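One letter stands for each residue in the lines below.
Number of protein chains: 2
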Amino acid sequence: MLKVNEYFGGNVKSIALENVEGVATVGVMESGEYEFGTSTIEYMTITSGILEVMLPGEETWTFYSKGETFVVAKDVRFKVKASQQVAYYCLYV
Amino acid sequence: MLKVNEYFGGNVKSIALENVEGVATVGVMESGEYEFGTSTIEYMTITSGILEVMLPGEETWTFYSKGETFVVAKDVRFKVKASQQVAYYCLYV
Chain A
10 MLKVNEYFGG NVKSIALENV EGVATVGVME SGEYEFGTST IEYMTITSGI LEVMLPGEET
70 WTFYSKGETF VVAKDVRFKV KASQQVAYYC LYV
Chain B
10 MLKVNEYFGG NVKSIALENV EGVATVGVME SGEYEFGTST IEYMTITSGI LEVMLPGEET
70 WTFYSKGETF VVAKDVRFKV KASQQVAYYC LYV
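As they're listed, the protein sequences go chains A and B. Residues in the first sequence are numbered consecutively from 10, following the numbering used here. Residues in the second sequence are numbered consecutively from 10, following the numbering used here.
Keep in mind that the hints were calculated from the coordinates and are not lab data. Computed from a predicted model, the values in this text were never measured in an experiment. Mixed in with the good hints, there may be bad ones.
For chains that are exact copies, the list does not tell them apart, and a pair is met inside one copy or across any two.
Keeping only pairs whose Cα atoms sit at most 25 Å apart, straight-line, the calculated DMTMM-like set for lysine to aspartate or glutamate is [what the hints assert, rightly or not]: (1) 12 to 68; (2) 90 to 30; (3) 12 to 67; (4) 75 to 51; (5) 88 to 77.
Let's have the full structure, built from the sequences with the hints guiding it.
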């Protein structure tokens, strides 16, 4: 059965999947600012919309838009913000 | 609140979104064969995995893999099948 995850009071929802590419989720974020933690390396690819991202050690926001990917290290926290709903694909490696 | 839709007894789940790109869903299909109906034109893009698709009037299956898009007309039924879990982005226009 496909598992749906909810975070931040339902403002971020994702569906888990696993196939030959690995273990991943697809999800949607409501507009807002969020801080996530990682337990693996994560490859986050924007599927729709624009996401601003501040990775550990960074002091400025970087925009990522549809089709772009950023990589987050294992066991860190990182911040994102969206001014509209954003869809993403997250691969855990 | 982000809306989660379930189809085929939970074997297909999606999350709806709307932003400057339009109205869309991201979703995951369990392996299996499904027939969907459309009420708008749909641009279906594979986010992860491989999907075989048979559009109206076609008699053979066509493979679509990660990053590839197929377009489905309004008010038709079409068939898909997946041998592994597949993630997709569907834009309604």
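Checked hints:
no. : hint     : result
1   : 12 to 68 : neither (35 Å within a copy, 34 Å between copies)
2   : 90 to 30 : between (27 Å within a copy, 18 Å between copies)
3   : 12 to 67 : neither (33 Å within a copy, 33 Å between copies)
4   : 75 to 51 : both (17 Å within a copy, 18 Å between copies)
5   : 88 to 77 : within (17 Å within a copy, 30 Å between copies)
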